[in-house]
Amino acid sequence: MIRRGCAVLGMAVLTAACASTRAAREPQPQPEPAKARQSQDLVALLRDPGTGAVGRAVVSNAHGQVELTQARESTRVGADAAPTPPVLLTEEEAERLFGDVLETLPPAPRHFTLYFKFESEELTDESRRLVEDVVREVKNRPVPDVIAIGHTDTTGGARSNVQLGLRRANAVRTLLVGAGLSASAVAVASHGEAELLVGTADGVYEPKNRRVEITVR
Amino acid sequence: MRIYLSIAAGLVVLSLAIPAAAETATPAGRIKTVSGEAFIVHAGQTSPATIGHEVFESDRVRTGNDGRIGLTLQDDTRVAIGPRSEVAVDSFSYAPAEGSLGLALKFVQGVAVYVSGKIAKLAPDAVRLETPAAIVGVRGTTVALNVGAD
Numbered sequence: 001m002i003r004r005g006c007a008v009l010g011m012a013v014l015t016a017a018c019a020s021t022r023a024a025r026e027p028q029p030q031p032e033p034a035k036a037r038q039s040q041d042l043v044a045l046l047r048d049p050g051t052g053a054v055g056r057a058v059v060s061n062a063h064g065q066v067e068l069t070q071a072r073e074s075t076r077v078g079a080d081a082a083p084t085p086p087v088l089l090t091e092e093e094a095e096r097l098f099g100d101v102l103e104t105l106p107p108a109p110r111h112f113t114l115y116f117k118f119e120s121e122e123l124t125d126e127s128r129r130l131v132e133d134v135v136r137e138v139k140n141r142p143v144p145d146v147i148a149i150g151h152t153d154t155t156g157g158a159r160s161n162v163q164l165g166l167r168r169a170n171a172v173r174t175l176l177v178g179a180g181l182s183a184s185a186v187a188v189a190s191h192g193e194a195e196l197l198v199g200t201a202d203g204v205y206e207p208k209n210r211r212v213e214i215t216v217r
Numbered sequence: 001m002r003i004y005l006s007i008a009a010g011l012v013v014l015s016l017a018i019p020a021a022a023e024t025a026t027p028a029g030r031i032k033t034v035s036g037e038a039f040i041v042h043a044g045q046t047s048p049a050t051i052g053h054e055v056f057e058s059d060r061v062r063t064g065n066d067g068r069i070g071l072t073l074q075d076d077t078r079v080a081i082g083p084r085s086e087v088a089v090d091s092f093s094y095a096p097a098e099g100s101l102g103l104a105l106k107f108v109q110g111v112a113v114y115v116s117g118k119i120a121k122l123a124p125d126a127v128r129l130e131t132p133a134a135i136v137g138v139r140g141t142t143v144a145l146n147v148g149a150d
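Top to bottom, those sequences are chains A and B. Here the working numbering is used: position 110 in the first sequence is 110, and no number is missing along the way. Here the working numbering is used: position 32 in the second sequence is 32, and no number is missing along the way.
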């Protein structure tokens with residue numbers, strides 16, 4: 001590095017002076033950005049924009065760590081020191097810093113669980129009424145992703161339950177298509193009896209496990 | 001055995017349902033909101049970010065002076081970035097039935113908000129938010145970052 005610097009400078013300036021005062025002779029602009037700016041990151045915990053829930057965040061680097069536990073608690077951290085102790089941002093500061101980007105967040109995904117009659121692909125009456133809600137939610141979104149995942153209880157074999165779960169997911173897709181969605185917009189899958197909503201032993205009749213879970217993103 | 005069968009069935013069905021994704025893995029998510037100067041970098045190629053654009057593991061999104069981008073990932077994680085910002089989806093894995101869960105986001109610069117999804121719920125330690133100066137571990141919900149805040 002030094003050598004190359006000397007060589008370059010040597011062409012423009014006096015070669016003799018190069019070795020002793022390299023720093024002084026290098027072109028002035030180009031300070032190393034990280035050192036010159038002491039760049040820091042600000043990390044803040046916020047209230048969930050939809051539910052209002054507040055979680056927790058732990059900010060750490062090689063020099064230490066800080067835990068944020070309250071809404072609008074924040075820490076500043078650079079590469080050369082531990083994160084600062086938590087500082088509470090005011091509502092105004094949080095809004096000024098993050099209000100705009102919060103508005104850019106896509107809408108929260110929504111979940112619907114539809115239940116089925118025993119060993120059938122027919123929805124319970126109550127769940128049937130939810131279909132319109134699902135369609136409305138999908139149509140409210142500019143670029144929706146919809147996935148229907150079928151689940152069963154533990155009666156019957158695992159393998160046939162994968163098939164049953166799939167038939168259920170497809171049945172839901174058919175209903176959604178009948179209610180106005182295009183078939184290609186709805187992905188289907190089956191988890192069979194592998195993801196019970198209510199944990200049971202094998203061979204147990206459990207209406208809450210016979211379901212299709214729909215996620216609309 | 002049961003698990004394998006159900007996974008296999010699930011994958012077959014998914015691949016049939018989403019033919020557009022057949023060329024590679026399933027996408028990690030999609031761009032849901034976008035405005036202004038906004039770009040996505042996929043396999044080294046930068047292209048304008050458009051609404052509905054798929055986002056894969058290892059992709060990054062970037063904005064210019066007036067740009068904004070919002071993403072929703074398959075596990076319901078949401079990320080938004082403001083102007084002059086960049087975030088990389090370094091890794092993403094969401095296959096609960098296989099026990100494969102992981103999310104690493106690198107906030108390279110600018111302003112961003114992260115809202116946790118199912119990965120954070122099922123395996124909080126599998127979520128890693130990275131800035132140039134620190135690592136943020138998340139126990140649910142919403143974290144805002146200003147990278148290079150001074």
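These aren't lab readings, by the way, just hints derived from the structure by calculation. Quick reminder that beta carbons are idealized off the backbone N, C-alpha and C, glycines included. Certain hints may be false.
[Unchecked claim] Chain A is faced by these chain B residues, among others (derived, beta-carbon under 10 Å):
| hint | residue |
| --- | --- |
| 1 | E37 |
| 2 | F39 |
| 3 | V41 |
| 4 | H42 |
| 5 | G44 |
| 6 | T46 |
| 7 | P48 |
| 8 | S93 |
| 9 | P96 |
| 10 | S100 |
| 11 | V113 |
| 12 | L145 |
Outcome of the hint check:
{"no.": "1", "hint": "E37", "in the structure": "violated (14 Å)"}
{"no.": "2", "hint": "F39", "in the structure": "violated (15 Å)"}
{"no.": "3", "hint": "V41", "in the structure": "violated (19 Å)"}
{"no.": "4", "hint": "H42", "in the structure": "violated (17 Å)"}
{"no.": "5", "hint": "G44", "in the structure": "violated (24 Å)"}
{"no.": "6", "hint": "T46", "in the structure": "violated (20 Å)"}
{"no.": "7", "hint": "P48", "in the structure": "violated (16 Å)"}
{"no.": "8", "hint": "S93", "in the structure": "violated (17 Å)"}
{"no.": "9", "hint": "P96", "in the structure": "holds (7 Å)"}
{"no.": "10", "hint": "S100", "in the structure": "violated (14 Å)"}
{"no.": "11", "hint": "V113", "in the structure": "holds (5 Å)"}
{"no.": "12", "hint": "L145", "in the structure": "holds (5 Å)"}
The structure is inconsistent with the numbered hints 1, 2, 3, 4, 5, 6, 7, 8 and 10, although it conforms to all the rest.
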